[in-house]
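Asks: One-letter residues, chain by chain:
4 protein chains.
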Amino acid sequence: MSLIEQYRKVRKLTETICSPLHTEDYVVQPIADVSPPKWHLGHTTWFFETLVLKPYLENYTEFDANFNFVFNSYYESLGARVIRTQRGNLSRPTVNEIYRYRVYVDEAMEVLLSKPVDDTVRTLITLGCNHEEQHQELLWTDIKYILGHNPLFPAYDTALPVQQGRVKEGWIAVKGGLHHIGYQGDGFCYDNELGRHQVYVQPCKIAASLVTNEAYLEFMQQGGYRQFEHWYAEGWDWVRNNQVEAPMYWYNIEGSWFHYTLQGLQPLALHEPVTHVSFYEAAAYAAWKGCRLPTEFEWEVAAAELDWGRRWEWTESAYLPYPGFARVAGPVGEYNGKFMVNQKVLRGASEFTSPGHSRPTYRNFFHPHLRWQLTGIRLAV
Amino acid sequence: MSLIEQYRKVRKLTETICSPLHTEDYVVQPIADVSPPKWHLGHTTWFFETLVLKPYLENYTEFDANFNFVFNSYYESLGARVIRTQRGNLSRPTVNEIYRYRVYVDEAMEVLLSKPVDDTVRTLITLGCNHEEQHQELLWTDIKYILGHNPLFPAYDTALPVQQGRVKEGWIAVKGGLHHIGYQGDGFCYDNELGRHQVYVQPCKIAASLVTNEAYLEFMQQGGYRQFEHWYAEGWDWVRNNQVEAPMYWYNIEGSWFHYTLQGLQPLALHEPVTHVSFYEAAAYAAWKGCRLPTEFEWEVAAAELDWGRRWEWTESAYLPYPGFARVAGPVGEYNGKFMVNQKVLRGASEFTSPGHSRPTYRNFFHPHLRWQLTGIRLAV
Amino acid sequence: MSLIEQYRKVRKLTETICSPLHTEDYVVQPIADVSPPKWHLGHTTWFFETLVLKPYLENYTEFDANFNFVFNSYYESLGARVIRTQRGNLSRPTVNEIYRYRVYVDEAMEVLLSKPVDDTVRTLITLGCNHEEQHQELLWTDIKYILGHNPLFPAYDTALPVQQGRVKEGWIAVKGGLHHIGYQGDGFCYDNELGRHQVYVQPCKIAASLVTNEAYLEFMQQGGYRQFEHWYAEGWDWVRNNQVEAPMYWYNIEGSWFHYTLQGLQPLALHEPVTHVSFYEAAAYAAWKGCRLPTEFEWEVAAAELDWGRRWEWTESAYLPYPGFARVAGPVGEYNGKFMVNQKVLRGASEFTSPGHSRPTYRNFFHPHLRWQLTGIRLAV
Amino acid sequence: MSLIEQYRKVRKLTETICSPLHTEDYVVQPIADVSPPKWHLGHTTWFFETLVLKPYLENYTEFDANFNFVFNSYYESLGARVIRTQRGNLSRPTVNEIYRYRVYVDEAMEVLLSKPVDDTVRTLITLGCNHEEQHQELLWTDIKYILGHNPLFPAYDTALPVQQGRVKEGWIAVKGGLHHIGYQGDGFCYDNELGRHQVYVQPCKIAASLVTNEAYLEFMQQGGYRQFEHWYAEGWDWVRNNQVEAPMYWYNIEGSWFHYTLQGLQPLALHEPVTHVSFYEAAAYAAWKGCRLPTEFEWEVAAAELDWGRRWEWTESAYLPYPGFARVAGPVGEYNGKFMVNQKVLRGASEFTSPGHSRPTYRNFFHPHLRWQLTGIRLAV
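Chains as they are written, first to last, in the working numbering: chain S, 1 to 381; chain X, 1 to 381; chain L, 1 to 381; chain B, 1 to 381.
By construction, these hints were calculated from the structure, which means they are not laboratory data. Beta carbons: idealized from backbone N, C-alpha and C, even for Gly. Hints are supplied without guarantee of correctness; some may be wrong.
Said to hold, decoys possible - DEER-style ranges, computed between Cβ atoms: (1) L:H271 with X:T61: 56 to 62 angstroms; (2) S:R84 with X:A173: 55 to 61 angstroms; (3) S:R84 with L:H197: 42 to 48 angstroms; (4) L:L3 with B:E62: 29 to 35 angstroms; (5) S:Q164 with B:K175: 37 to 43 angstroms; (6) L:D157 with B:A65: 54 to 60 angstroms; (7) L:L265 with B:Q86: 56 to 62 angstroms; (8) B:Q86 with L:P267: 22 to 28 angstroms; (9) B:A326 with S:P55: 50 to 56 angstroms.
Claimed, not checked - Below are the DMTMM-like pairs computed for lysine to aspartate or glutamate, each with C-alpha atoms no more than 25 angstroms apart in a straight line: (10) B:K54 with S:E229; (11) L:K289 with X:E76; (12) B:K12 with B:E76; (13) S:K205 with B:D106; (14) B:K289 with S:D119.
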């Protein structure tokens, strides 16, 4: 697929994801981690405008100078910005204006890509497409949060097909010894996957499949949330301070468990992988089972044999730089490196991950208490 | 005007106020005190549905049972509710649904009022109309806040006529002695105005007009915000903790003062009454001038001679019950009495107050730090 | 009693109150409102040093220049200070050093008072003695808090005599009409009592005695803390946010009620006046009884006939300036006036009030949620 | 040294460290991380009483049943406890009572150790001695905090000898390849050092010595605290939210830099290793130098050639379990494992570390923002 085709495809998918929304759904921000859909629409567009069009398209005229302030996310080097928790307070620009902004930028990108571009520009556009794919996944999770925390529990789309996973039973053995870790090849990858290097991995076993809702329910019913000994100290504080008793989106209605899905409130699907759990819950479940979570290296070594792709899987690994990692100067260098403290690596991909946007070397990362993403649990011993 | 005519007029005005809004503007809640316009539209409707239609219109079918939860404001006796700070997180019900709700309730009210109603119902409808008029004023101030805190500073309506006040110079003398305070007559008033009683007022003088932006600017320029001796201790903490340096909506742009108005960002109108000040600022300004704020009794005694109606005027009086005040049982009794602690009385009315919704005995009340209303300053000595 | 005798007597009583304490008890500050006893010892001494000795005793040498920073309480005009919540973090100066400071200042005061002093100095010393008497009362309540919130519940002094109140039954009628309010005479009073003026009081009745523990227990047992309709909205929030279920210092041990007293943990004394209640609790109790709290004016008019002096009695009145009140320039002017917002007036005196430090015109004031003082409830109708 | 001799030596050192303190210094807790010295004295004693004497000394009578509540630190399995932030609110038990508690427990330990003990008891006593050595280090840092944050800046002991470090210049090369990591031998170590295993380390260089105050000052003077590009995103937030501009205990007095030491406020010792820096500062300094921090594995491999022992050295490594780590059941199992999330490993030892209480395999750990310990910076490339 040519770069312009890739660009068009990515941009179109973003808008398709939003198509069942009402205007109001684009605006709200119930928690800091969840951005309003209209912000995602604008921010991904601002990324191309700021990093590609302004520096590389001759005579390009900015759509609106104020948008830099409104749609910058966290790039310190690109100027002042609306702080993250304030995004839901902005009724303007309207959804229509943002769609016009998208059209304007897309037209300029067509002009730019109507001629050959050099490698720098090609790399930036590929980064922009991957960046937008990440925001597509956030759009799914943020839309789910916005609708799933509304007291009316509206469905996103009742006709959305329900994904059914294959299930691989048993355990995969990982051989001890030196393994190469990190990205190798010519395709796109993020800087945090680079610096392919050797890691000595101890022999171990990894579960072929993810922990199911049914298995997790047993943990709950046997008192898992009330037994401190399974929990990290910070996890135990988190449970008590937030009175956590179940994964996010689980509701006990007159004795039966339901969960909110994009199809609306549904009886809990027992054989599906558990999701919307924090690292604390994942680690406590593993401890309760007499197991542990895999490291990201064990996961990567075993990846070819695992049944993966339905949930982001918490690993025991902290998000740290690979040997030789160095931040690039300028805004692109702010993409990953500055977050390498106090976060956990998640491996795999989820049902919300855009097609093609996953690799066995992909390193996702979140703070250990977060659970609005499609996070899941895989055991290791 | 008949009750049905009054009802129609009030209901229509609410929608007229909202007519220049985009859908997105109806949704956001930048601070807890500012409710989303769509919430006001729904809540005022819910008031009629809950207190009038359900108990008094035979065979009335509730529009949507969930709306009780969504649009209850603070009535403990009417069940659980969305907590106030969460109103801005609700994308549903949509604006269109809420307008349909209004039509549905209005039609039912027409049915109810097509026959004679007894005094209880008449009183509740009158209360509902006055309640909606109060929310009309909140709509104005909340819309102003939503647009005026957007970094794009959109105008509500650039063609909105600018109000120009008359100015009465000098001081009005109030005679010392016993005066009657409180509402007398057959018209509508709130329970907090009742219990007409005698108060002994000391002789004093009250300014005929309000403090202007120009006069307040002088206070600022002479260091008023940096001199603790003019401020109440809590006010001084408020200034420092919030780094307050000017009234809300004032912006210093390259050395000149502007203020946000519904017509957009405008050069500061020097001869207009200062507005959007807290009680702390009002009291500090008065102290700096060697004056004080009037009590609510002094204000009421002098009202006939004052040039009032453009700002809610902070008084020195705490919001307390008049002698003999007693809460009515049930939800109507929650209207005023339970707020009679830690708030200050404001007298007068503002440019945003609905026509007819003001009286010399009207007692408005806010916490002393609030300033998103059209608050102003009148001096006394 | 001569001024020097009065001075000696006051200073001695402060140290007598502290005599049963261990060194450690002088140091801690469990909540912001409770100051460490050693701070009270230093602060009252600093008051005389700063306002009397430095300006009026020739050749006086400051004990330690750092003490101004450590022992200033809130006087903005007297320079920077340790912020209130940090007082409990200071291990130095030690208790012994502070007692030496007291001796040093007392000796200098003896020198000053060995010759006649003018009215200004006399007034300041009288103010200092009254100020120290106020801190004596705080010493009692703060010591009670420090010991009564220690999990070992140590007694202050098991041999301390238990006060037994007289009880006057029934109601006192207050005649409606104009009454004079405020201090009159030549003795000491605070500026907030001055400005004697006329107030029109409605006819009413005031209970001769205070509400007892037994009566309050009935309110609790009948669900008073779970029925929103008796509470101010802010009070109801306070009850729920703090999970309040009883007055401070009440403990239910295996089904029986105990309260912590300076003699240690004791079975609840049913016939004693209830104490350590907030304004919110006082007002809720009164509402539950179908009564209300008196205003400070009603209280003052009836004072001669009331059985008072055992508790500080919450009134319905907000703490506001009397007509003609004006802050004096300089630090003495910061004594009262700057607190006249968001507080409630309490009238009477408590068992912890120093002998002679009470008057029918005395206006004490606290924020409505506070209850570490000996606060109590008197009803009116 | 026999076990009883080791026990006596450790217990005595704890009291020697406290000997220059005034009673008041034992009581205060200025921040949650700093415990009152009297709490350390009691807690280390409670550890022996609870884990050794109660289960293993026949007929042992508990000193005071309430002490379990007062001196438990975080052991969920050992019952309720005073929450950490409340320790500074406890004036009782007094310092004298706690010293009596120490004598009582020491006498019982002498009885226990007058006869041969089995391996379980021996292991617990050794753990208790090492536990007390850890608290000795905390005593030093907490005393420093208590005195160093007092506005009078009292010295702990002006005659305390100042430590002077040797300095080794240059870089130590670490060979790439497989290395064994973790404790090996018969001596004492913590469970987090066990599970000796192979790690593949990339070739690198580690600085022989620590970063000095002089070098760090240059970072400050060249704007290091104002340039976001050197900082982790969380570190940058930490700098701005706390207005951090220098290491803890550094004071700029009229243009010159001083630092508080146990000898009092002293001119900054330029050639000494910088200390009291957070991980964020350490990492930012390293980034500014074009270097990075070593991993804990690189450090352990190079340890024999490093000039270490004066500061706890931040590493880039997150505190995670070694392969095969498993929590022991019961309270001892709560010692380390439950903290293995969101903390950073520090290697080495500091001048405050008790003699003998250090090993090349020792893994200390703190949250990345903390700096009240003697933390320092070593570079790697």
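Asks: Does each hint hold? Answer for all of them.
Replies: Verification of the supplied hints:
Range check, H271 (chain L) to T61 (chain X): Cβ separation about 58 angstroms, and the 56 to 62 angstroms hint holds. Take R84 (chain S) and A173 (chain X): their Cβ atoms lie about 56 angstroms apart, and the range 55 to 61 angstroms holds. At about 55 angstroms, the CB distance of R84 (chain S) to H197 (chain L) disagrees with the hint of 42 to 48 angstroms. Take L3 (chain L) and E62 (chain B): their Cβ atoms lie about 56 angstroms apart, and the range 29 to 35 angstroms is violated.
The given range of 37 to 43 angstroms is broken by Q164 (chain S) and K175 (chain B), whose C-beta atoms sit roughly 52 angstroms from each other. For D157 (chain L) and A65 (chain B), the Cβ-Cβ distance of about 24 angstroms falls outside the hinted range of 54 to 60 angstroms, so the restraint is violated. Separation of L265 (chain L) from Q86 (chain B) is about 19 angstroms and departs from the stated range, judged on CB atoms against 56 to 62 angstroms. For Q86 (chain B) and P267 (chain L), the hinted distance range of 22 to 28 angstroms is satisfied, since their beta carbons lie about 27 angstroms from each other.
Between A326 (chain B) and P55 (chain S) the CB atoms are about 54 angstroms apart, so this pair conforms to the stated range of 50 to 56 angstroms. Of the supplied pair hints, the one linking K54 (chain B) and E229 (chain S) holds, its CA atoms being roughly 23 angstroms apart against a limit of 25 angstroms. For the hint pairing K289 (chain L) with E76 (chain X), the CA-to-CA distance comes to about 20 angstroms; that is within 25 angstroms, so the pair holds. In summary, the hint linking K12 (chain B) to E76 (chain B) is not supported, as the alpha carbons are separated by about 29 angstroms, beyond the 25 angstroms threshold.
Simply put, K205 (chain S) and D106 (chain B) have alpha-carbon atoms about 48 angstroms apart, too far for the 25 angstroms limit, and the pair is violated. Simply put, K289 (chain B) and D119 (chain S) have alpha-carbon atoms about 31 angstroms apart, too far for the 25 angstroms limit, and the pair is violated.
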